[in-house]
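Undergrad: Relying on the hints, combine the two individually framed chains into one complex.
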Amino acid sequence: MEDTQVVASLVRRCISGDAIAWEEIVQRYNRRIYNICYRFAGSADDAQDLTQEVFIKVYRTLSSYDSDKAAFMTWVTTVTRNLLVDHFRKTKQDRLTDSLDNAASEHEDAQPLSEQIPDQTAAPDASVQSRETRETVHRALQKLSPELREAVILRDLQDMDYREIALALKVPEGTVKSRINRGRAELARLLQRTYKQVI
Amino acid sequence: MPGEFHNGMQCTEFDAVLSDAMDAVLSGAKWESFQAHARSCQLCGPLWAEAQEGRHWLKSLEEVEPPVNLVNNILIATTGLDTIRLRGQASEPSKPSLTDRMRDLLGTFVSPVWALARQPRFVMSFGMAFFSLSVALSVAGVKLNDLAHIDLRPGAIRRTYYETSGRVHHFYENIRWVYEIESRVREFKRATTPAEPAPEEENNKQRKNDNTSGQPDQKQERNYSQGENQPVLAATPDDPPVVMGTTHRRFA
Chain A
4 MEDTQVVASL
14 VRRCISGDAI
24 AWEEIVQRYN
34 RRIYNICYRF
44 AGSADDAQDL
54 TQEVFIKVYR
64 TLSSYDSDKA
74 AFMTWVTTVT
84 RNLLVDHFRK
94 TKQDRLTDSL
104 DNAASEHEDA
114 QPLSEQIPDQ
124 TAAPDASVQS
134 RETRETVHRA
144 LQKLSPELRE
154 AVILRDLQDM
164 DYREIALALK
174 VPEGTVKSRI
184 NRGRAELARL
194 LQRTYKQVI
Chain B
7 MPGEFHNGMQ
17 CTEFDAVLSD
27 AMDAVLSGAK
37 WESFQAHARS
47 CQLCGPLWAE
57 AQEGRHWLKS
67 LEEVEPPVNL
77 VNNILIATTG
87 LDTIRLRGQA
97 SEPSKPSLTD
107 RMRDLLGTFV
117 SPVWALARQP
127 RFVMSFGMAF
137 FSLSVALSVA
147 GVKLNDLAHI
157 DLRPGAIRRT
167 YYETSGRVHH
177 FYENIRWVYE
187 IESRVREFKR
197 ATTPAEPAPE
207 EENNKQRKND
217 NTSGQPDQKQ
227 ERNYSQGENQ
237 PVLAATPDDP
247 PVVMGTTHRR
257 FA
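Protein sequences, first through last, are from chains A and B.
Per our numbering, residue 4 is the first one in the first sequence, and the count goes up by one each step.
Per our numbering, residue 7 is the first one in the second sequence, and the count goes up by one each step.
Next up, chain B with everything else stripped away, as it sits in the complex (with noise of 0.2 Å):
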C-alpha cells in the first residue's frame, strides 16, 4: 500500500530508488533498509522480484539485423541516389560481363519454352520426335560422327558447290548424247529394214477397213513410231513437191 511503513522506508520511497536498486547503485544503510522493506511488504517485495524478472526477460532479447537493403532504400528515398560508395560497393560484385548479360538474355527466352518442355505431355512428345529421328537417321546411313567432319568454311563450301553443279552439268550432257545415239541407231534400222512381202486381199481390205487415217500403211506406222517418244530431227518424202514459184513480178 503506498504510503505504508516498513523496516525505515516508505512505498513511495521503496518505488523511487527502486531503479537505483536495480542497477545496482544503491549502497549501505540504503540498501539494506530496501531490501527490509521489499521483505516485508507485500505489495513492494512482488514488485522488486517482477522488476527484476522482467529485466531479466528484457535482457534476453538479442539485437536484430536490419534488412540488407536498408540503407540503400534508405539513400535512396532521402538523396534519390546513391552516394559513390555505396556504387563502389555495390558496382563491382553485381556489375554484369558481357557473359552474364548474354546468359540473361537468353534466359529471357530459353526459360519459359524449357519451362514449357518440362511438362509432362510434352516430354513424351520430344522423346517420340527424337527416337523417329534417330531411326530415320540410321535407316538412312547418317551417322552423327561424320557431320563433325563437315567442312563448313566459305571456300570449302564454294568449292563443294561448283563440284556438285559440274557433275549435274556432265550427267545432263551424256544423258542428251546417250538419247542421240539412240535416236540415229533407230533411224538408220529403220532405213535398212527391207520391205514386208505383200499381205494377201483379205488382209489388205482389212486393213483398209482399220486405216481411218487416209494414209498408207508404212507412213502411218513412221507416224505412231515418232509420235511415241522420238524427236522428228528430218524428214526427206520419197519424192519431193516441185515448187513453182514466180519471181517475174518481182524483176518487171
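This is chain A alone, in the form it adopts within the complex (with noise of 0.2 Å):
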C-alpha cells in the first residue's frame, strides 16, 4: 500500500516545518481523499471544500498521528471519515430515504431518477451509455445510509482491507464485514429498481 518508511519520514519533516513534505504528502494523497469525499458527498464541489479540510486538519494536527497505531493513510482516512460524517449530518443527508424516485440531488433534474435512466436499446454510444450507467450507480450510491456507504467505498472504490476499515470507522471487524455486504446487496436492490422500472 504505502511505503510506511518514506511516510513516517515525510511526516517527521513535516512536523520539523519542511513544506517540502507537507507538499509531498498532500501530492501523494489528494487524489485518494478527494475520491473518497467525492464518493461520499456526490458533489463535485462538496469534494473539493472537503477534500481541503481533510488536509487542513490533517496539517493542524499532524503531530498527533502514531505511526504505531495506524498506517497514515488510515489515519488521513479516520480524518475524512470524521469530517464526512459531520458534513452529513450539517447537510441533513439522512432524511433521504432509499428510494430513487425521490427528490434529485443538486446535479440530476426535476424528472425522478428513474426517468433520468437511458435507455440501453436506445443508446448510440456505447461509451455514452456506460458514462450514463456509472452516473447512475454514483447517483445510488449516495441513496445508502452514511454508514454502508463509507464502508463500501473503502472497500470497493479504495481497496482497503478489512483491518484498515475497522481502524477508520472505530468499529470490529466483523460489523464492516456485514455493513461492506448490506451496503452492496442494497445498491444492488436499488439499481434493480429503477432498471425494472425502466424496461
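Each computed EDC-like pair below joins lysine to aspartate or glutamate, with the alpha-carbon atoms no more than 16 Å apart:
1) B:K65 x A:D162
2) B:K65 x A:E138
3) B:K36 x B:E19
4) A:K60 x A:D89
5) B:K65 x A:E135
6) B:K36 x B:D26
7) A:K93 x A:D52
8) A:K173 x A:E150
9) A:K93 x A:E56
These aren't lab readings, by the way, just hints derived from the structure by calculation.
Computed from a predicted model, the values in this text were never measured in an experiment.
TA: This is the structure in C-alpha cells:
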C-alpha cells in the first residue's frame, strides 16, 4: 500500500517545518482523499471543499499522529471519515429515503431518477451509455445510508482491507464485513428497482 | 431466516463468511456448504446474488480526477504560500513576458471599446464614416500609398518647416513689392493726367450743390481715391503754408 518508512520520514520532516515534505504528502494523498469525498458527498464542489478541510485538519493535527497505532493512510482516512460524517449531519442527507424516485440531488433534473435512466437499446454510443450507467450508480450510491456507503466506498472503491476500515470507522471487523455486504446488496436492489421501472 | 439451518450451514454463519466468499478466499468443504446454503435458503441466496451484483456495479465506478488547482489550494490554505517546487512548476509557463503584459494592458482598454464597436448600431456608423473619409481623400487627391513615403525623421521635419516658412516669407515680400509698384504707378498717372476743361455754368452749379464737403472738386476726388485702397505715402500741397515761428523767447 504505502511505503511506511518514507511516509514516516515525510511526516517527521513536515512536523519540523519542512514545506516540501508537506507538499509531498499532499501530492501523494490528495487524489485518494478527493475520490472518497466525491463518492461520499456526491458533488465535485463539496468534494473539493471537503478535501481541503481534510488536509487543513491533517496539517494542524499532524503532530498527534502515532505511526505505531495505524498507517498514515488509515489515520488520514479516519480524519476524512469524521469530516464526512460531520458534513453529512450538517447537510441532513440522512433524511433522504432509499428510493431513487425521491427528490433529485443538485446534479439531477427535476424528473425522477428512474426517468433519467437511459434506454439501453436506444443508446447510440456505448461509451455514452457506460458513462450514464456510472452516473446512475454514483447517484444510487448517494441513496445508501452513510454507514453502508462509507464501508463500501473504502472497500470496493479504495481497496482498503477490513482491518484498516475497522480502524478508520472505529467498529469491529465483523461489523465492517456486514456493512459492506449489506451495502452492496442494497445498492443492487436500488439499481434493480430502477432498471425494472425503465424496462 | 436468521439462524435457519440449511445444508450444514446456518444463516448467521453464511453472513459471516459472505465476505470471504466474495473475496474468493473460501475453499474446500466450507465453500461447498456455502454454495449449497445459498441455493436452498430463500434469504441468503438472493443476498449472495445481490452482493455480487452490487460489487460489480461499484467496481464499474472509475476513479475521478481531482481539480487541477486542488493541490495548490490546499497548500495555500495550509502553509499560506506555494512551495518552491510549485512556484517553479507554475512560474515558467505562467510568467508573463513584456509583450504579454503590454497585450494584457492594451486588452483592458481595447476590449471594452471593441465590444462596444461590434454592436450593429455602431458598425453602420463606422462604415459610413470610413466611406466619407475615403471619398474626401479621393477628391482631395490624397493617396494612402503616398502617406507611406512621408519622411517623419526629426531632421526632415525641421527642414520641411524652414522651407515652408521661407516660402511664406518670400510670398509676403513679393506681394508687398507688387503693391508698392502699383501705388507708385497710380501716383505717376495722377501726376501726368492733364486738367479737365472747364465745365458749363449749370454743371458747376449742380456740382456745387452736390459738393457737401466744402473742398475743391479735384481735391475731393483725390480724397475719395485715397480713402478707397491706397495709403497716403506723401502729400505736398500746391502752395505750402508759411510757418511763422518765434524763437526770440528762447534766445532772449
